[in-house]
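*Asks:* Sequence:
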Amino acid sequence: MTLSRLGIKVGPQKHSIDDLEETHAPFAEVWFQIDKKDDYNELFSYLTKRKIDAGLHFWGLTRDGFMPTISYNDPALLQESVDLIRQTIDIAADNHFSYVNIHPGNRVRMRVDFQTHIFTPASDPAQTKIIEDQFLGTIHNLSVYSSSRNVVLTVETVPMNIVKPWDGNRSGKTYPRLGSVTPKN
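The sequence shown begins at 1 in the numbering used here and counts up by one.
Simulated from the structure, these hints should not be mistaken for lab results. The C-beta atom is built at its ideal place from N, Cα and C for all residues, glycine as well. Any given hint might turn out to be false.
To be verified - Restraint ranges, calculated between C-beta atoms of paired labels, are given here:
no.: 1; residue 1: Ile8; residue 2: Lys129; range: 36 to 46 Å
no.: 2; residue 1: Lys129; residue 2: Asp18; range: 42 to 52 Å
no.: 3; residue 1: Phe119; residue 2: Gln87; range: 16 to 26 Å
no.: 4; residue 1: Glu22; residue 2: Ser148; range: 12 to 22 Å
no.: 5; residue 1: Val155; residue 2: Arg5; range: 13 to 23 Å
no.: 6; residue 1: Glu132; residue 2: Lys49; range: 39 to 49 Å
What the hints assert, rightly or not - In silico EDC-like pairs for lysine to aspartate or glutamate, Cα to Cα no more than 20 Å straight-line:
no.: 7; residue 1: Lys36; residue 2: Asp64
no.: 8; residue 1: Lys37; residue 2: Glu22
no.: 9; residue 1: Lys49; residue 2: Asp64
no.: 10; residue 1: Lys51; residue 2: Asp113
no.: 11; residue 1: Lys9; residue 2: Asp133
no.: 12; residue 1: Lys9; residue 2: Asp35
no.: 13; residue 1: Lys129; residue 2: Asp64
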């Protein structure tokens, strides 16, 4: 397994298969929204049929509309987040994909609307010291699990401020560090 090959990012949209055909990419990173996993069947079938190596970039929502996080001290949210990540690891293993990439999540409960791209803090931030051991222990356990499934687990951190929004909006907004945002209840 080689993780340093060039490829393209794809998702469940029809144009992703067209992009793969046009570029002949040997590798693809799939923006994978676990709560919409059935939307990826055609793409995964194509990747398998063409023997294109892939990794899954984990995204999703909990049943209550929160962004999964392993960096907030709510046992129920933590457990559901871990369950969703483990499901993603299982899907990667079942499809013979190389890795699953996750983000640590937020120190706040974050409501997300992927249609409008609105992220709304719904709690006060957890104290860093309180969640450090939880985060490290959870990463260790997920890493052991992913290794048992022959999938590499990567953890991608994000910058404190985002100059160019992730959705491609070229307005150049700078978003504040979420730990300093007042929650909306």
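*Asks:* Determine for every hint whether it applies to the structure shown.
*Replies:* How the hints compare with the structure:
1. Ile8 - Lys129: 36 to 46 Å: Since the Cβ atoms of Ile8 and Lys129 sit about 40 Å apart, the hinted range of 36 to 46 Å holds.
2. Lys129 - Asp18: 42 to 52 Å: At roughly 49 Å between Cβ atoms, Asp18 and Lys129 fall inside 42 to 52 Å, so the hint holds.
3. Phe119 - Gln87: 16 to 26 Å: holds (23 Å)
4. Glu22 - Ser148: 12 to 22 Å: The hinted range 12 to 22 Å is violated for Glu22 and Ser148, with Cβ atoms some 37 Å apart.
5. Val155 - Arg5: 13 to 23 Å: Since the Cβ atoms of Val155 and Arg5 sit about 20 Å apart, the hinted range of 13 to 23 Å holds.
6. Glu132 - Lys49: 39 to 49 Å: holds (44 Å)
7. Lys36 - Asp64: holds (15 Å)
8. Lys37 - Glu22: violated (25 Å)
9. Lys49 - Asp64: Violated, at about 36 Å.
10. Lys51 - Asp113: Cα-Cα ~34 Å, so violated.
11. Lys9 - Asp133: At roughly 33 Å apart (the allowed maximum being 20 Å), Asp133 and Lys9 break the hint.
12. Lys9 - Asp35: holds (19 Å)
13. Lys129 - Asp64: violated (26 Å)
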